[in-house]
Amino acid sequence: MKSLLRIALGLVVIVTALSAVQLSVHAQDNPRRPVTDDEVNAVSKKLYCPVCENITLDTCGTLACAQWREEVRILLSEGKTPEQVIENFVARFGDRVVGTPVDPTLRALSLVTPWLLSTLVLLSAAAIFIRWRKESAAAPKASAAQPSVQVTTHTLEEYRARIEADLAARR
Amino acid sequence: MLAELGFIATFLAFLAALYAAGVAFHSVRVRDDRLLLSARNAALATFPLLGVSLGTLLIALLTQQYQIAYVWNVTDPNTPTFFRVTALWGAQAGSLLFWSGIMSAFAFGTIVLNWHGQRRLMPYVIVYTMLTLAFFLSLSLFFENPFERYWIMPDNNVVKSVFAVGGAVPPASARLAETANGLNPLLRHFGMIVHPPLLYMGFVGFIIPFAFAMAALASGDLSTNWIRATRRWTLLAWVSLSLGLVLGGRWAYDVLGWGGWWGWDPVENAAFLPWLVGTAFLHSAMIQEKRGMLKVWNMFLMLGTFSAVIFGTFATRSGLVDSVHSFARSDIGFPLFAFWFGITAVSIGMLLWRWRRGDLRDERRLNSWLSRESLFVLNNIVFVMLFIAIFWGSFGAPIFSELFMGTTITLGKDYFLQVTPPLFLVLFILMGVAPLSAWSVTSLRRLGKALIVPASLAALIVALLALLQPAEPPVLLIYGIIALSGTVALWETVRGAMARHKSLGESWYRAFTALIARNRQRYGGYLVHLSVAILGIGALGSELYQQETQRTLAVGESLELGGYVMRYDGFLGGQIAEDGRIMDIAQVTVLRDGREVARLRPRRDFYPNAEGMNSMTIPAAHSTLENDFYVLLVDWETISARSATFKVFINPLINLIWWGTLLLVIGTIVAMYPDERIALVTAKTAQPSQLAGAKA
Amino acid sequence: MTEWHVAEDILTDQSPAKRSVNFVTVLAAVILAGMALIFGLGLRHQQQTQPTEGMAPLFTLKTLDGQEIALESLRGKVVVLNFWASWCAPCRDEAAELEAAWQQYKDKGVVFLGVAYTDTERNAQAYLKEFGITYPNGLDYKTKISALYRIEGVPETFIIDRNGHISEFAMAPLKRTQLSAMIERALAKGTQP
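Protein chains in written order, with the working numbering: chain R, 1 to 171; chain U, 172 to 867; chain E, 868 to 1060.
No wet-lab data here; the hints were simulated from the structure.
Keep in mind that a hint or two might mislead.
[Stated by the list, open to error] If you want a taste of the chain U side facing chain E, the calculated C-beta under 8 Å gives, among others: (1) Glu319; (2) Ser332; (3) Phe334; (4) Val336; (5) Thr487; (6) Leu491; (7) Gly504; (8) Phe510; (9) Phe512; (10) Thr515; (11) Ala516; (12) Met521; (13) Arg525; (14) Trp526; (15) Leu574; (16) Met576.
[Stated by the list, open to error] Only pairs whose alpha carbons sit at most 25 Å apart, straight line, appear in this in silico BS3-like list of lysine-lysine: (17) Lys975/E <-> Lys1011/E; (18) Lys45/R <-> Lys584/U; (19) Lys45/R <-> Lys80/R; (20) Lys973/E <-> Lys1042/E; (21) Lys944/E <-> Lys975/E; (22) Lys80/R <-> Lys1009/E; (23) Lys929/E <-> Lys1056/E; (24) Lys996/E <-> Lys1056/E; (25) Lys673/U <-> Lys620/U; (26) Lys1009/E <-> Lys584/U; (27) Lys461/U <-> Lys134/R; (28) Lys944/E <-> Lys1042/E; (29) Lys973/E <-> Lys929/E; (30) Lys1042/E <-> Lys1056/E; (31) Lys973/E <-> Lys45/R.
These numbers come from a predicted model, not from an experiment.
The beta-carbon is built from N, C-alpha and C at its ideal position, and this holds for glycine as well.
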């Protein structure tokens, strides 16, 4: 399996090299530089492939992912920055290849919505609380029923008393 | 024979559950105790009946009855006995039946243990548990039947059916054994024995508090009774779910080989969501127990927890989201969806009905911004916000975008690490402050005073962490906040014991045990707080300071990472394990400061018979409290193996996660531990009031 | 999502609260219905499988040599739409068979279209060269065409008849004889429009 992949990849590289010579001249403007596995992994970590759900490219074991990693390596060796490589992948394969969409509308939908909803929750909770305070200010007897709890605790004896008071309130 | 027996037992359990639900409901309307007893017996009977059906399936797995399609799907002649047992929950059909079995066990337990204490709620508890059970059994009977067998029809077509079909003959057993699939390689791991049962116990266990909450709504006994009666059940479900979640993480860490333990995958999140609501409930239930407040809210949280449980089940078993963890696409998607919708609509409807009638009025109101109650409420709000963020990221945005914007998107770790950390941080701050505040009202001055010792302890921990792993000041601050939440819990316990030691003259040991025995719930809870702080530091450290590198080494060469040196010693190719998998093993030596600390064997397992994903990269790790040195064998030169490619991770503090979880279990056991004296007292005092309630 | 919306107002439990309860009831109903709609549709969407009849979804394929081919412009011809990828081993088994079938039918009112799923231009070009494939092939830009046809993997092949209806669908690598039979059936269908 693995050797097959190697051979296939080797073939791909050779063929691409040959066709690159034929098709384009400017490929030779950027002399290829060696790219380390770590550089490839750093970019792959940010990419998701469509054939392996929710696993990043650097940990996915399928042939498709191996090819994509090779593509990352080639793009890096052509002098592209990691950001450019990711942009390139998004342009070709869509927003699903990154962990948060790049498209501004989708990005906003993803990232702003939870905060929007959370703010709503927080605001309504605060509104309710303020209403409750107003109510208890109108009828103060309810809160006066618990004097023992408000003792300030300076000594350990008082602390123990408080623990016992809490315990009693539970029963 | 086995298939028929298992099927009939399942079918009888289904009938018994339906009968119990119907008769229990009827018995309340006609006030007939004999009918109720009959319903009770039927409900109890589901447990032994499902015991029989699970037992037959297990025997079929162990004795290799490959004519049964499920057995053929999840085992083959090479499967070791051990994995034959775990194959019981290795695929959809078996795990559904297993799920129902656990549910009937919980129902059995609550009927036996809570029958006398909760006579008024019990009929409805039977109704809700048994209806849920009947639903899940109907899935097993009509959609995902684990007892179906293969038959060859006279026209040579293969059909699946439980019972012998006219003219059909069973396929040749040798041929069946030869073609059997074998267990999914991902599931052949020790973690898979305990992770699914615990997760199911966590999920299913919430049926008990849910059924009691619904029973309270239906019967009108809307006191705090339902919370008190189910406190231990809720804790049992909660601790199982917590443990199930972390063990799932451990399994991912050991088997999936991506160097981490939590991937924010939709399926992981589906199990985390009920945990969030359930944890919020555990906290706010205390306010109702002690202060008679937040009745509607508590009810809502419990109903929400179970709704999240069913939603999670639906999402993971229907193929709603794609994930490495999810079951194959299945027909049970729409029934589960309908059940989720039905159960949510009915429970929310009943809650609104009671609320409208004014039956859920609180005894007190919140009246201070800085009291224990208000901090608990804030804690609840933050849990809900986390729920929203994670729910939206896992199920909301991806589905919304695919349906209405025509674009498939992935929300991965990237999203969750942008949205959730501030919320987790607020939770840790609240964890630090709330135990120090008093009910009703508190002052900042008092808070400050109480913080002196825990804060110095936390500072000490931060200093220690900084020594181990140089970190930026903001990170140190966050470490400090998390540590504080633990030291506060620790110090509160020590202070309580000190008080007893000083004022009552008890020995230290006696002071501690007596203190905890007086209020297990609180001190068990503090222990859980401490464990969560430990877990939090582990999660943060391993996330922020993970280092990794990938290198190709020739035999004898070494690489260096984070103070460790790893040398590639040699390669053992084509080792055949007893279950038929082929292992390619690299041998490496790990050195630190020139001394050998470990010999590791990262490997690649290849499963020749498995369909789909048939090879797995199994990491090897050298663990210390400080960090894990974690090695993956990525690739090697096929023929000579003279060189091999390794991916190496340093995962700092990751072991705190496992140790913290152990402490969490201990803490929960302390909180759950039955207190006989109190149990007797409440039983005695509860009796008359319930009779009065029943009359009214 | 339901949870919190209800939650915020559930806290308002107030004596003259009938009105706010009504509000919450309506809100809860709306949210629950909304969630049911989204997840119901989501589930239906997920469970949709490859179309095997009816109009073939329309698309425009940009081929590797720069042409743009719209499916609509191929009415009156039978279209063999093949999804493949250079990383897919079974695709390699059928590549030569497809090309042979193309040579046989290219002058008989049949068009072959190859769509490379999640492939890179480099690898796709190399694959086409390796198997000497001459019919038009293009990359599936942002996997849009694959999504339209709900493919589950590669190779998958759709045969579209002269009226633009899906005639047949195959999920496995095809042999030349199978493919010929499928094309013949599609050709036969379209003769009496």
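Hint status (Cβ of phenylalanine 334/U to nearest Cβ of chain E, threshold 8 Å):
violated, 29 Å
Pairwise hint evaluation, lysine 584/U against lysine 45/R, where the allowed Cα distance is 25 Å at most:
holds, 10 Å
Given the hinted pair lysine 975/E and lysine 1011/E, is their Cα-Cα distance within 25 Å?
Roughly 29 Å between the alpha carbons, so the hint for lysine 975/E and lysine 1011/E is violated.
Taking only the CA atoms, is the gap from lysine 1009/E to lysine 584/U under or equal to 25 Å?
Cα-Cα ~22 Å, so holds.
Interface hint compliance - glutamate 319/U to chain E, C-beta minimum distance less than 8 Å
violated, 22 Å
With a cut-off of 8 Å, does the beta carbon of methionine 521/U approach a beta carbon of chain E closely enough for the hint to hold?
Violated: closest Cβ of chain E sits about 12 Å from methionine 521/U, beyond 8 Å.
Interface hint compliance - tryptophan 526/U to chain E, C-beta minimum distance less than 8 Å
holds, 6 Å
So, as I understand it, the hint says leucine 574/U touches chain E; can you test that by seeing if any CB pair is closer than 8 Å?
With a minimum Cβ separation of about 6 Å from chain E (threshold 8 Å), the hint on leucine 574/U holds.
Holds or violated: threonine 515/U as interface residue toward chain E, Cβ cutoff 8 Å?
It holds, given that the least Cβ distance between threonine 515/U and chain E is near 6 Å, below 8 Å.
Restraint check for lysine 944/E with lysine 1042/E, where alpha carbons must lie at most 25 Å apart:
The hint holds at about 22 Å.
Just to be careful, I want the Cα atoms of lysine 461/U and lysine 134/R compared with a cutoff of 25 Å; is the pair within it?
holds, 23 Å
For the pair supplied as a hint, lysine 673/U and lysine 620/U, confirm whether the alpha-carbon distance does not exceed 25 Å.
Given pair lysine 673/U, lysine 620/U holds - Cα atoms ~20 Å apart, limit 25 Å.
Of the numbered hints given earlier, the model fails hints 1, 2, 3, 4, 5, 8, 12, 13, 16, 17, 23, 24, 31; all others are met.
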